[in-house]
Amino acid sequence: MTEQTNSGSMQPPIVDVIDERLNRQSWFRRMLSRPDLGAFAGAVLVFVFFAFTAGGTGMFAADGVMNWLTVTAQLMIIGTGAALLMIGGEFDLSVGSMIGFAGMVIAIPTIYFHVPVGVSVILAFVMAMAIGALNGYIIVRTRLPSFIVTLASLYILRGLTIALSIVFTNRTIVSGLKQYSNESFVASLFAAKLFPGFFQWLADNGIINRLPNGAPAVSGLPMLLVWAVVIAVIAHVVLMKTRVGNWIFASGGDANAARNVGVPVSAIKISLFMVTAFCATVFAACQVFEFGSAASDRGLLKEFEAIIAAVIGGCLLTGGYGSVVGACLGALIFGVVQMGILFTGAPSDWFQVFLGAMLLIAVLFNSSIRRRVTGER
Amino acid sequence: MTTAMRTASPEDVTWPQGWGRPLIEVRELTKHFGPVVALSGVSMTVRAGEVHCLLGDNGAGKSTMIKTLSGVYRPTGGDFVVDGTPVTFSSPREALDAGIATVFQDLAMIPLLSITRNFFMGREPVRRFGPLSFMDMAFANRIAREEMRRIGIDVRDPEQAVGTLSGGERQCVAIARAVYFGAKVLILDEPTSALGVAQTSMVLKFIRQVRQKGLGVIFITHNVRHAYAVGDRFTILNRGRTLGTFAKAEIGLEELQTKMAGDKELQDLSEELGGTV
Amino acid sequence: MKSALLRGVLIAATVIAGVATTASSAFADNERFVFVSHAPDSDSWWNVIKNALKNAEHDEGVKVEYRNPPTGDIADMARIIQQATASNPNGIVTTIADFDVLQSAIQGAVAKGIPVITVNSGTAEQSKKLGALMHIGQPEYDAGKGAGERAKAAGVTHFLCVNHYITNAASVERCQGYADGLGVKLGDQMLDSGLDPTEVYNKVKAFLASHPDTNGILALGPNSADPTIKYLRDTGSASKFKSVISFDLDGDISKAIKDGIVSAAIDQQPYLQGYLPIVFLTQYVRYGVIPSNNVNTGPGFVTKDNIAMVEKLAGEYR
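Protein chains in written order, with my numbering: chain A, 45 to 421; chain B, 645 to 921; chain C, -19 to 298.
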């Protein structure tokens, strides 16, 4: 009964010629109304800017590229989580504190209680995601704004991280993880550098620069980048190609309307908070295993960087609109600007002013383009 | 209460063959919110293939009635029978599964989302690849475009945002969605209240088209003209009670207006103003 | 309206691009050094070092970029060192805020053939391990020993070391150095005072009551010095002590120096930690010469004699 194929008299005839013309038009429109178009334009603008101002400074040599790519990848990991959550209509301000917390949960049991490092990592993921779920549950149950609830967890988690690390270790920086994690599979899962042979080959053939001792300037592809790309691709596919993705859009667009047609809004929101916690833990794990130490002040203000990446990427602060691709481009813009300003040699006292101005320009550019193409007022 | 209670029997209406089966029967339905009595005894029967108008002024209990029928509220008392089976819905989803689809006044449409995503919201078509299941966007887009064209709305792109459609078009999308997903009873909450003349007629035309398919339509409005244009039977709600149900053949527009106004003075005022209320 | 916005954006971009290019091209011909600190933006102590860098920049005719992680996140600092390395400067000056975290970044700079000098936090051994040319800072043990030698000259025989941060290994070294400078055993003369001012006050009071022979005090910083000074003022017992020395300076301590309650404050002279590495790196890059030893910028001592000058320049060069 759903397909009423025999009531032809009431339908306009379907004419293929018209269809094709409409298709072509709609392809153009579709390209223009993508939420990430502005971010794409912004990214191009940023690269053009730095090509002129920092072209000869080593920013675009192999190690320079790896430097801003690393910062970008870090931000992509938490920016992707933030974007999904923002599209789902909520915020998570506890991401930064979660990074510090998860790092400590990995480091302390391993170093002080000689727990196998793999177990510590699993513990960190479980605890972080449980806290994420609790955040989500409180928000769904009380209907309080997530801004307030996660602001509270920002303080609670940071305080808990400091207090517990003092209780267990009497210090706030826990070093010496490398001797426990060296050679372990878990450590290489988060901090290995892939394809060293390939990079050596690139250096030998003069494609990337070499160090005086003959080693390539970039020794391999960090797992951090792999995690960032994998998380972004999965998030993108889930958001755009699955029913869960549709539910995320619906939950953020109008939670009541979504509930009325049977979308499990509460479950979606709670799991999105778990996703941001997961992303924060991946961030923490990569950092802890790269540097071999955890500190209770790690991740300070990263929650804002994650939100900035999502917003530059075209996510609406009110929810229901945005894309993962955009958030990744936002992370790229932020990472390139953050490091690029250092390459230009701009005076340090003015650093944050430049950073803020560049971001504002990127966002203005992005939103003016979006307004122009979607006809929003 | 000046009007005697009576209910038009199915024989008062000429039914097309096979139609007329009662889909929803409500008897002496009550709903209290603490000390506040919102419904104090509502009875009505909705049959297949009819547009059943629920008329009433503001505060008559229309909204409570709809929300009870659509599973948002649980009734405090009375009988609620769907297809011959007594039911108690605990969520809109359950009502939906029983074939009762509601298009709410504030629209169950999300302006920022594409037509396709709105159309299939909560009932996404999926395609499985081993353990993974993906939303079948090509199928969804095709269906959305076909259904829109069926209503006579030429969507250039089913992935364009619903926000780009007019109010009437949005109502039609919401109705088409309910029909497509096999609703037996369609509850329309003030679908024409915020629309201009052209768009109203578009929505009314579509309501009549839906009725032709044998669905039961409950059309809630306080605009008697709109009701009279498409309605087969009319139930009047006043102060949480039904004043009776009338077939179109036995009641005129004027009379309906009078009954709905329910009050002599308002009726006089209405005549003074030239019957435009 | 919209195009006005867009034009505004473009103009702003051009202006910023202009400023940035002038900034980078003004010193294009000179040596360029990057100084990386671990301090968050809010840490005013580093202003002295920034001024020192400006002076060195001017005196040597070089360009110095001061960099720091805005929030004080050491992991971000590692990225900044990597960035500095990628920009191929003539030299890098960095602190060793956390050896584990910064290890690979600093070694990366060294491997690229960039001369590195470490300053401030960290030890000479760590600096050597990283492959840096030298370390410029105040060794904790030596600073404590210097204070101990001063105290010995003043005739101290029994002392109290007020340690408000006992979990930090460096703090214990300060007390140990003091004891060695004095030529006595540390024994039970180090007090774990905690951070709370009332607690510090009462613990100092209890210690001095049970150790009446004590005639010298070392406080490891304002957190332990301020309540101790208050105790000495409250009881009027300052004259009983031949030497009261504190690490670092604050308002209470400098007033106590003027009043004769505190005999000296240990100053690590941060100005030198900014100025000297730039001077050394410049000479090294230009002529290949550099001192072969580490440089101890402290302990310098602030006493009644020079407190006036220190106060005048405080926050700027001292």
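Hints are supplied without guarantee of correctness; some may be wrong.
[To be verified] Pairs of lysine-lysine, DSS-like flavour, derived with a Cα cap of 27 angstroms:
| hint | chain 1 | residue 1 | chain 2 | residue 2 |
| --- | --- | --- | --- | --- |
| 1 | C | K165 | C | K109 |
| 2 | C | K132 | C | K284 |
| 3 | C | K92 | C | K108 |
| 4 | C | K108 | A | K222 |
| 5 | A | K222 | C | K92 |
| 6 | C | K132 | C | K220 |
| 7 | A | K237 | C | K109 |
| 8 | C | K132 | C | K292 |
| 9 | C | K235 | A | K237 |
| 10 | C | K292 | C | K235 |
| 11 | B | K828 | B | K711 |
| 12 | C | K108 | C | K165 |
| 13 | C | K165 | C | K185 |
| 14 | C | K284 | A | K222 |
| 15 | B | K903 | B | K857 |
[What the hints assert, rightly or not] Sample of chain C residues lacking proximity to chain A, with all beta carbon distances greater than 12 angstroms (derived):
| hint | residue |
| --- | --- |
| 16 | A58 |
| 17 | P69 |
| 18 | V90 |
| 19 | A149 |
Keep in mind the hints are simulated off the structure, nothing from the lab. Since the model is a prediction, treat every value here as computed from it, not as a measurement. Note that beta-carbon positions come from the ideal geometry of N, C-alpha and C, so glycine has one too.
Going through the hints against the structure:
1. C:K165 / C:K109: Violated, at about 31 angstroms.
2. C:K132 / C:K284: 19 angstroms, holds
3. C:K92 / C:K108: 17 angstroms, holds
4. C:K108 / A:K222: 20 angstroms, holds
5. A:K222 / C:K92: 24 angstroms, holds
6. C:K132 / C:K220: Measuring from Cα to Cα gives roughly 15 angstroms; hence the hint holds.
7. A:K237 / C:K109: It holds: about 23 angstroms lies between the C-alpha atoms, which stays within 27 angstroms.
8. C:K132 / C:K292: Violated, at about 30 angstroms.
9. C:K235 / A:K237: 56 angstroms, violated
10. C:K292 / C:K235: 14 angstroms, holds
11. B:K828 / B:K711: 17 angstroms, holds
12. C:K108 / C:K165: 30 angstroms, violated
13. C:K165 / C:K185: Answer holds: K165 (chain C) to K185 (chain C) is near 22 angstroms, not above 27 angstroms.
14. C:K284 / A:K222: Roughly 49 angstroms between the alpha carbons, so the hint for K284 (chain C) and K222 (chain A) is violated.
15. B:K903 / B:K857: 30 angstroms, violated
16. A58: 7 angstroms, violated
17. P69: 9 angstroms, violated
18. V90: Label violated. Min Cβ-Cβ 10 angstroms, cutoff 12 angstroms.
19. A149: 10 angstroms, violated
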